[in-house]
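Chemist: Generate the whole structure from the sequences, applying the supplied hints.
These protein sequence lines map, in sequence, to chains S and R. To convert, note that position 176 of the first sequence is 694 in this note's numbering; the numbers rise steadily by one, no gaps. To convert, note that position 200 of the second sequence is 306 in this note's numbering; the numbers rise steadily by one, no gaps.
Please note: incorrect hints may appear among the correct ones.
[Stated by the list, open to error] Residues from chain S shown here face chain R by an in silico Cβ test under 10 Å; the list is partial:
#1 589
#2 688
#3 696
#4 700
#5 704
#6 825
#7 827
#8 831
[Unchecked claim] Some chain R residues close to chain S (C-beta under 10 Å, calculated; not the full set):
#9 168
#10 200
#11 223
[As the list claims (entries may be wrong)] Some residues of chain S that are not near chain R, with every Cβ distance over 12 Å (derived):
#12 524
#13 610
#14 614
#15 623
#16 630
#17 665
#18 698
#19 699
#20 759
#21 787
Calculated directly from the structure, the hints in this document are not laboratory data. Virtual Cβ for every residue (Gly too), placed ideally from N, Cα, C.
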Amino acid sequence: MDWLIILASGVATGTVLLYATVGEIFSERSGVLNLGVEGMMLLGAMSAYKATAATNDPWIGLLVAMLAAGLVSQVHAFIAITLQADQVISGLALNFLATGISLVFGEGLTSLRDVVPQLPKLTLPLLDRIPVLGRIFFTNQSIMVYIGYLFVPLAWYYINRTRPGMHLRAVGEYPAAADTLGIRVYFLRYMYVFVGGLLAGLAGATISLSISPGWFGSLTTSGQGWIAIGLVIFAQWNPVQAAFGAFTFGALRRLVLDIQGPSTILGLANPFFYNTYYGFFLKMLPYAFTVIFLVIGSREANRKRIGTPAALGLPYIRGQRGL
Amino acid sequence: MDEERSENGFENVVSMRGITKRFPGVLANDKVDFDLRKGEVHALLGENGAGKSTLMNVLAGLYRPEEGTIRLHGKVVEFGSPREAIEEGIGMVHQHFMLVPSQSVTENILLGLKEPRFRMQLPKYNQIIGEMAGKFGLHVDPAAKVWQLSVGEQQRVEILKMLYRGADVLIMDEPTAVLAPTEISELFNTLRSMTEQGKSVVFISHKLHEVMDISDRVTVLRKGKVTSSGLNTGDVTRADLAHLMVGRDVVFQVEKSEAHAGDMVLSVEELEAKNDKGLPALNGISLNVRQGEIVGLAGVAGNGQKELAETLAGLRPVTKGRILVNNQDVTNKPVKLGIRHGISLIPADRTQVGTAPNLSVTDNVIMKNYDQAPIGSNGLLNMSEAENYAEDLKLAFDIMVPTIDTSVRLLSGGNLQKVILAREISSEPKLMIAVQPTRGLDVGAIEGVQKLLLAQRNAGAAILLISEELEELLSLSDRIYVIYEGEIMGEIRDNDINKIGMMMTGTRLEQIEGEGVARNE
Ligand SMILES: Nc1ncnc2c1ncn2[C@@H]1O[C@H](COP(=O)(O)OP(=O)(O)O)[C@@H](O)[C@H]1O
Ligand SMILES: [Mg+2]
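Modeler: Below you can see the structure in the form of structure tokens.
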């Protein structure tokens, strides 16, 4: 068992979570909880794969995936923002809708396994020679991984140090205040739900065109959208912490797959190799860690008074009393 | 009419004519006229629910009136949004601050503006805003996060926000309701320096002495109508204004009979507790309250009053010392036990602690006895009993709501307080802890609340009245403790204001009396 390989593939798996998590961060920072991430990712994975099969160009596939998930996210935006319905329910409904569309249109894609081109993989010169880190982060990774490295600090900067980022935060914290200052609350909320959709689509496309290429129905995303929603809380709505969580989580997912392989670990008999029932326990681990992370993360948040956007999940109704 | 005024040499910055604004079921403004002159502080006086905020929200572009016109420097304007109003120089500081707590002062001020274009360049803007703050005496650290600021500082941020946008007309909606006395005089200084620089201020209030203090002219609203428009403050008395405001003569002094203090109900021994930040807030408080008396606790805000009330109600852990109620130790016992011992809390925070804002009046009044017959039986709620109960209280306490199913967040401050009092008093408490029970209420409502407290006292309840309004403490209390930095400075039985004042600023009663003795010798 090669630890570096586990960590490197953890980074790759984590990149998927990263895009989805940061997308959800944008949406939630504007005050809209979108539980449809899993469905939007699946739609992204399917449409990316289908479009790539049709055009033979994975970049077109990627674009189509983002647009498809972005568009479907607007269903939720309409229900949650304009109709002011319960965001949890609407998000769950979006999830069913997007999953359904994906499964119907994904019919028959599984058999295309070897003909659909993938996104390129690269090794970054020089950087790959950094001891240990070079092999984990910069050797033979998908191009989406490298885009992810750039994306995280940019997202952080956008949210915390730019005018539109400040407006985004204001809309999610205190929409009535933003509204009195002429910030277009509804428009911005629609826009960031759309951004969340784009990124969930991107995450899905990253799976089907690069990290674990192919279309396997709902197994393609296998619950990663839900993990992303948990990671948002762990990350305290901060993209940098989201990257940390996503990579850690990615590595954990890889570890539980790989640890059942070898018959000995560190010179000792590997219990996971000899007793296959332990596999169930292993599969639980990443989720158990999510729970632990969440508890630690939110305690920290309480202490520092950061965290949940104050208006998260609440529809904004202009002129309503008691806000 | 406008021409007449200008012949008099006054320039009307704003003139509103025939403003009518309806809300479902209420006529909040009924053909209201209002004029604001350049460089004046114009007070808008009226009871809670009179329509003051509504009228100014119309001027500030938040609400659109059904009828009426607004002229700005003689030109008719129509504002579709607060942004359009502020672009014309009209800025409003709301009763509930419109600040984003997680953002810095500078960020809050820059929100919604076109500059900076993209990058925030915070250091540069921190400096610009710091300079502007200095010019008007509005001291606040531009880099501080809003949640770290005191209420007074937050208010300064709100004012700065409007000034930064170039407001010439500043509307302040009940600005003093949240301020400590020293902060009030600072605010008044700021307002004066603004009018000296040619700006005009609308000062909304229901506190007569403040209106008398700060305003040049006053317009009084009652039930959505103007009862008197643009009087010179110098020409009227407090009693005149009170009459215009409530439509009847207000008794300023409540009638109070002799106290018949009975058995000891509350006895607090060497109590210590920490505040939310984990710092010591109470440093060995000892006091007691007997049956049938009102004991006041005086002190400047933030000296441990809030923490004391919370420890007594069982909401905050005691780190040292004991609380005895009817000779039973209730220190760090569950809240429910306190309720059974007849402890009742009227919290300062009516909307967060005192009520559940989204629940109906019914739900809010049954919160303490939902599990007792006839409302609760066998773990089930009998809703029709609960509604009867709520209807009875609504009548008995004169709670003004369309129906008992209305969410209490839609209620005005006075009616909200009545809901709380109705719930607490009907539980027949042996001990009532009332924190700022009349804060933010109008004259009529204050009188009602004070009468209810006195009635409780006369019926034999022990009442601890924690208040920052000295006048109220003096008129209601049978004796007064003074708290300073979590310690009791002494107990006053003769309403000696000078002594109380010295104790509130940290002198112990023994010291005062010691000096007095020394001087006499
Ligand atoms: N947004 C609103 N929705 C419904 N009713 C309102 C709203 N704002 C104010 N009202 C009602 O209009 C009346 C006037 O309220 P307001 O202007 O807030 O009074 P004031 O500021 O003088 O205390 C009250 O009866 C109040 O309940
Ligand atoms: Mg008001």
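Chemist: Of the numbered hints stated previously, which ones are contradicted by the structure, given in increasing order?
Modeler: 1, 5, 8, 18 and 19
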